[in-house]
Amino acid sequence: MPAKLVVEGLTHHYPDEYTGESVHALEKINLEVQEGELVTVVGPSGCGKSTLLNILAGLLPYREGVASVDGIQISGPGSDRGVVFQEHAILPWRSVAKNIGHGLELKGMVKEEREARVQDFVELVGLSGFEDKYPHELSGGMKQRCAVARTLCADPVIMLMDEPFAAVDAQTRITLQEELNRIAIATKKTIMFITHAVDEAAFLGDRCFVFSARPGRLKAIVDINIARERRIWADMNADDEFVRARDEILRLVREEVSVAVEE
Amino acid sequence: MLSRNNLNRFSAFWRHFPAANAINLTLIIIGIMLIWLVISSTIENPARYLPSPIVVVLSSVDMIYKGLLPSYFGDTITRLVVGSAIGLTLGIPFGLLLGLNRTVADMFYPLMNFFQSVSGIAIFPIVVVWWGNSDKTVLAVILYTSFFPIAFTVLSGVREVPLRYIHAARTLGATRYQIIRDVLLPGSMPHIATGSRLSIGFAWRAVIAGEMLAGREGLGWMIFTGQDADKTAEVILGMVMIGVSWIVLDHYLLRPFEADTIERWGLVQR
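Note that the protein sequences, when read in sequence, are chains F and W.
Numbering that gives the first Met the number 0 applies: residue 0 is where the first sequence begins, and numbers increase by one.
Numbering that gives the first Met the number 0 applies: residue 0 is where the second sequence begins, and numbers increase by one.
Worth flagging that the hints you see were computed from the coordinates, not collected in a lab.
Built from N, CA and C at the ideal position, the CB exists for glycine as well.
Hints may be right or wrong, so weigh each one.
Covered stretches of chain F (chain W as the covering partner; in silico rule of three or more C-beta atoms under 8 Å from a C-beta of chain W) [unchecked claim]:
(1) 80 to 88
(2) 131 to 137
(3) 220 to 231
Which chain F residues face chain W? A few, computed with CB under 7 Å, are given here [unchecked claim]:
(4) Y13
(5) A56
(6) L58
(7) P91
(8) A153
(9) A169
The list that follows gives simulated cross-link-like pairs (lysine to any residue, SDA-like), each with its CA atoms no further than 20 Å apart [claimed, not checked]:
(10) W:K230 <-> W:S40
(11) F:K110 <-> W:R180
(12) F:K132 <-> W:P185
From just these sequences and the hints, can you work out the full model?
Quick look at the structure:
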């Protein structure tokens, strides 16, 4: 079966905002994401992982290399690639339900059909009873649940997530990670999840792409063979496969951090 | 008997008493009236310099009876509503357009700055030359006065909408028009609210000034002719009417609009 997302020889430079000097963000990235797979991308800060996500989202034009979803080359934003941003990206002037249904509304789906679908996703992310609340009335965790539901409700081919749980507190983060795992089981969605947290990358990923320090290269791919149904935080520290994967990712990332510090 | 504790308890109760604000305001107004009454009864020739509140109230009764006050008031409000409505209807899209396109904005910006500084009063004489002492003149000046504040604030409002909201909408598949409708317009609502308040406030002043200089009826006209005819009570009555109308307008139109939009969305706190 052909891969859902294919990136070949992707290289990217961008001018620094202040000095104008060319920054070499990505160097010859080759990767594939299969249908229904959840891959995590981890690397030291400044390794270009957010640049990669912005290119895949179509928000950042690229010149060198190829990136395509379902065989169609990426050349701008599109509803085939849904994005969950770091934080504060759901619209404050729309209620929870209207935020979640926004993608369908933009496609012109009729109201009755849309509302039924929105309700499914409200329930999927556990926001029942909060449909008519506005974002400023929600906690950080609920806002991100709403953001995930908004992206899924538009039914993208792939969901791109840019450190979506980085800004919430530790307890909420654990809950959100377990919920995302449950959602991945329920929807079988293809997901690319960017993070700087090693344990998060090991807990969520079927595979983990470890990036090198700038310029970002795909340094290693770590397989994590744990059935999704078994991924519960309470069991993880006793899970040999999780511990092995986490330690390996940590070792790979540490090498890069020390390289970055020595430079 | 009246300990500090009791006093504290009473003031806490009073703050949470539903009608406390209304009663406080009434007391302040009565206080001002009393001071006013005392001053006007101690000076010479109060009818010319400062007629007592009672005389002002009597003159208002007289003017309502003659039908002058309702008619003047109606004229002024109509001018305000028509003039500022046109000003806002033109100013909001214009500001939006400038906010969307930096090249166009840079082109128009110095020109807008120029006209912003030439106030409504300053353009009066030339408009009078064009259209004489007519409704058209007054309306034109109100429109001119209300256009620039709203256009300016909407322009900066559009620019201040966080990029991440635009990105989020684009990745949901929004077209350019949908981004304007669903993101930029609601996102600049705090600025639209502030700008509308500024615009209508300026328009309100322009109406009064316009009626003084080029009108033949309205509250401004009433104040102006009141002075000539030595009817100081009518001058004061006109001033009070202007202030009270603004408070009513603010309370029943601007505040509810803000409460339903920017406050409901948590974009501003009160």
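Going through the hints against the structure:
{"no.": "1", "hint": "80 to 88", "verdict": "holds (count 6)"}
{"no.": "2", "hint": "131 to 137", "verdict": "holds (count 4)"}
{"no.": "3", "hint": "220 to 231", "verdict": "violated (count 0)"}
{"no.": "4", "hint": "Y13", "verdict": "16 Å, violated"}
{"no.": "5", "hint": "A56", "verdict": "5 Å, holds"}
{"no.": "6", "hint": "L58", "verdict": "6 Å, holds"}
{"no.": "7", "hint": "P91", "verdict": "5 Å, holds"}
{"no.": "8", "hint": "A153", "verdict": "6 Å, holds"}
{"no.": "9", "hint": "A169", "verdict": "24 Å, violated"}
{"no.": "10", "hint": "W:K230 <-> W:S40", "verdict": "17 Å, holds"}
{"no.": "11", "hint": "F:K110 <-> W:R180", "verdict": "18 Å, holds"}
{"no.": "12", "hint": "F:K132 <-> W:P185", "verdict": "17 Å, holds"}
Hint violations for this structure: numbers 3, 4 and 9, all remaining hints satisfied.
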